[in-house]
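Line order of the protein sequences matches chains A and B. When we follow full-length UniProt numbering, the leftmost residue of the first sequence carries the number 1, and every step to the right adds one. When we follow full-length UniProt numbering, the leftmost residue of the second sequence carries the number 1, and every step to the right adds one.
Hints are computed from structural coordinates only; laboratory data are not their basis. Hints may contain errors.
Computed list of lysine-lysine pairs in BS3-like fashion (alpha-carbon distance at most 30 angstroms, straight line) [said to hold, decoys possible]:
| no. | chain 1 | residue 1 | chain 2 | residue 2 |
| --- | --- | --- | --- | --- |
| 1 | A | 218 | B | 18 |
| 2 | A | 218 | B | 88 |
| 3 | A | 172 | B | 4 |
| 4 | A | 218 | B | 19 |
| 5 | A | 172 | B | 88 |
| 6 | B | 31 | B | 19 |
| 7 | A | 48 | A | 8 |
| 8 | A | 17 | A | 6 |
| 9 | B | 19 | B | 88 |
| 10 | A | 172 | A | 58 |
| 11 | A | 126 | A | 6 |
| 12 | B | 4 | A | 227 |
| 13 | A | 227 | A | 17 |
| 14 | B | 19 | A | 172 |
| 15 | A | 218 | B | 4 |
| 16 | A | 172 | B | 31 |
| 17 | A | 218 | B | 83 |
| 18 | A | 48 | A | 73 |
Just so we're clear, the structure is a prediction, and the values are computed from it rather than from any experiment.
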Amino acid sequence: MEDIIKIKGITKTYRNKRALDSLSLNIKKGGVIGILGPNGSGKTTLIKILTGLLRPNKGEVLIDGKTPGTYTKSIVSYLPDRNFLYEWMNIEDAIGFFKDFYEDFDEDKAINLLEFMGLNKGMKIKELSKGMHEKLNLSLVLSRNAKVYILDEPIAGVDPVARDQILDAIVKNYNEESTMIITTHLVRDMENLFDDVAFLRGGTIELIGNAETLREEKGMQIDDLYKEIFG
Amino acid sequence: MNFKDNLPIYIQIMNYIKKEMVIRKIKEGDKLPSVRELSTTLTVNPNTIQRAYTELEREGLVFTQRGMGTFATEDIEKIESLKKDMAKSLVDNFLIDMQSLNFSKEEIKKLIDL
């Protein structure tokens, strides 16, 4: 399988803190990869570089053969770890916003997903709970027919019911053609979704592998392995 | 279904389906849920489900019909021998645990007859 994402030796420094330290990582086309690590391990910096929000000081990133920019933004659907919709909008406005912005946005898919999530078009953004926000944002992001989906902490801080709906939506929207990159430190809840996992520590990849192979080799679930590495 | 053992998920799914076959909840020739259905029900990556089905097929416990889906074997003898294998592995584990408590075979037999 060809690599859709190639990251070669990237380093990112903020003032005197090194967030990424010559990190290299290739991500193959198709499948779900979990980027696992505690807060401060470099997950969000890595995601911001992949989405073109930050530039590395050193190294190279290629997504579908291109450095992050206009083209890669058109093929990468990104769920940030915070709300990105305007407070004055209602859900219908948010759908219109996505439709205007992204050519690959599938409105019917969005409507189905929102229904599945128990959200309706008239709800106002500023009145949504944290769980509802996350469900709305994820529905919009998954409704793009993108080559790459990047979900940054999709279940952080949501209640168990919303969490299950979010996990279901992710599994239902899995397809072999696209690649999903999910960061999380809630490994127990998410590990069964991953084909591959990469453990991030101190801005570099500590361990990477196929999730099932790691379970077999280490004789433990990924959550236990995570605790062993970071505990 | 809870995935707790220290086993790969695909093996736990295989064991779950094997048990369903042994207790005849899945009967011979029954259609198994599609990869997608089971993936959604268990919230597990579809590739993992596919791998479990492929391995079950390799063991001759299920068969695939192109465009129709995956079905449980119609070979009842296979299921009977699966049942014996599963019983044997339970007994083996039990014996290992008992021996680690320093029980002799005679003592174990006595306990079972109680």
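For each hint, the structure was consulted:
1. A threshold of 30 angstroms between alpha carbons decides the hint, and for residue 218 of chain A with residue 18 of chain B the separation of about 25 angstroms falls inside it, so the pair holds.
2. Restraint check: the Cα-Cα separation between residue 218 of chain A and residue 88 of chain B comes to about 26 angstroms, which is no more than 30 angstroms; the hinted pair holds.
3. A distance of roughly 23 angstroms separates the Cα atoms of residue 172 of chain A and residue 4 of chain B; the hinted pair therefore holds under the 30 angstroms criterion.
4. The suggested pairing of residue 218 of chain A with residue 19 of chain B holds, with an alpha-carbon distance near 26 angstroms, which does not exceed 30 angstroms.
5. A threshold of 30 angstroms between alpha carbons decides the hint, and for residue 172 of chain A with residue 88 of chain B the separation of about 38 angstroms lies outside it, so the pair is violated.
6. Taking the CA atoms of residue 31 of chain B and residue 19 of chain B, the gap is about 16 angstroms. The hint holds against a cut of 30 angstroms.
7. For the proposed pair residue 48 of chain A and residue 8 of chain A, the alpha carbon gap of about 16 angstroms is at most 30 angstroms, so the pair holds.
8. The suggested pairing of residue 17 of chain A with residue 6 of chain A holds, with an alpha-carbon distance near 24 angstroms, which does not exceed 30 angstroms.
9. Between residue 19 of chain B and residue 88 of chain B the alpha-carbon distance is near 14 angstroms, which keeps this suggested pair within the 30 angstroms criterion.
10. This hinted pair does not check out: residue 172 of chain A and residue 58 of chain A have alpha carbons roughly 38 angstroms apart, beyond 30 angstroms.
11. A threshold of 30 angstroms between alpha carbons decides the hint, and for residue 126 of chain A with residue 6 of chain A the separation of about 38 angstroms lies outside it, so the pair is violated.
12. Of the supplied pair hints, the one linking residue 4 of chain B and residue 227 of chain A holds, its CA atoms being roughly 15 angstroms apart against a limit of 30 angstroms.
13. Only pairs whose Cα atoms come within 30 angstroms are accepted, and residue 227 of chain A paired with residue 17 of chain A is accepted, the gap being roughly 25 angstroms.
14. Restraint check: the Cα-Cα separation between residue 19 of chain B and residue 172 of chain A comes to about 26 angstroms, which is no more than 30 angstroms; the hinted pair holds.
15. Taking the CA atoms of residue 218 of chain A and residue 4 of chain B, the gap is about 14 angstroms. The hint holds against a cut of 30 angstroms.
16. Between the alpha carbons of residue 172 of chain A and residue 31 of chain B the distance comes to roughly 21 angstroms, so the proposed pair stays at or under 30 angstroms and holds.
17. For the suggested pair residue 218 of chain A and residue 83 of chain B, the alpha carbons sit about 29 angstroms apart, so the restraint of at most 30 angstroms is met.
18. A hinted pair counts as satisfied when its Cα atoms are at most 30 angstroms apart, and residue 48 of chain A with residue 73 of chain A qualifies at roughly 12 angstroms.
Of the hints listed earlier, those the structure fails to meet are numbers 5, 10 and 11, in rising order.
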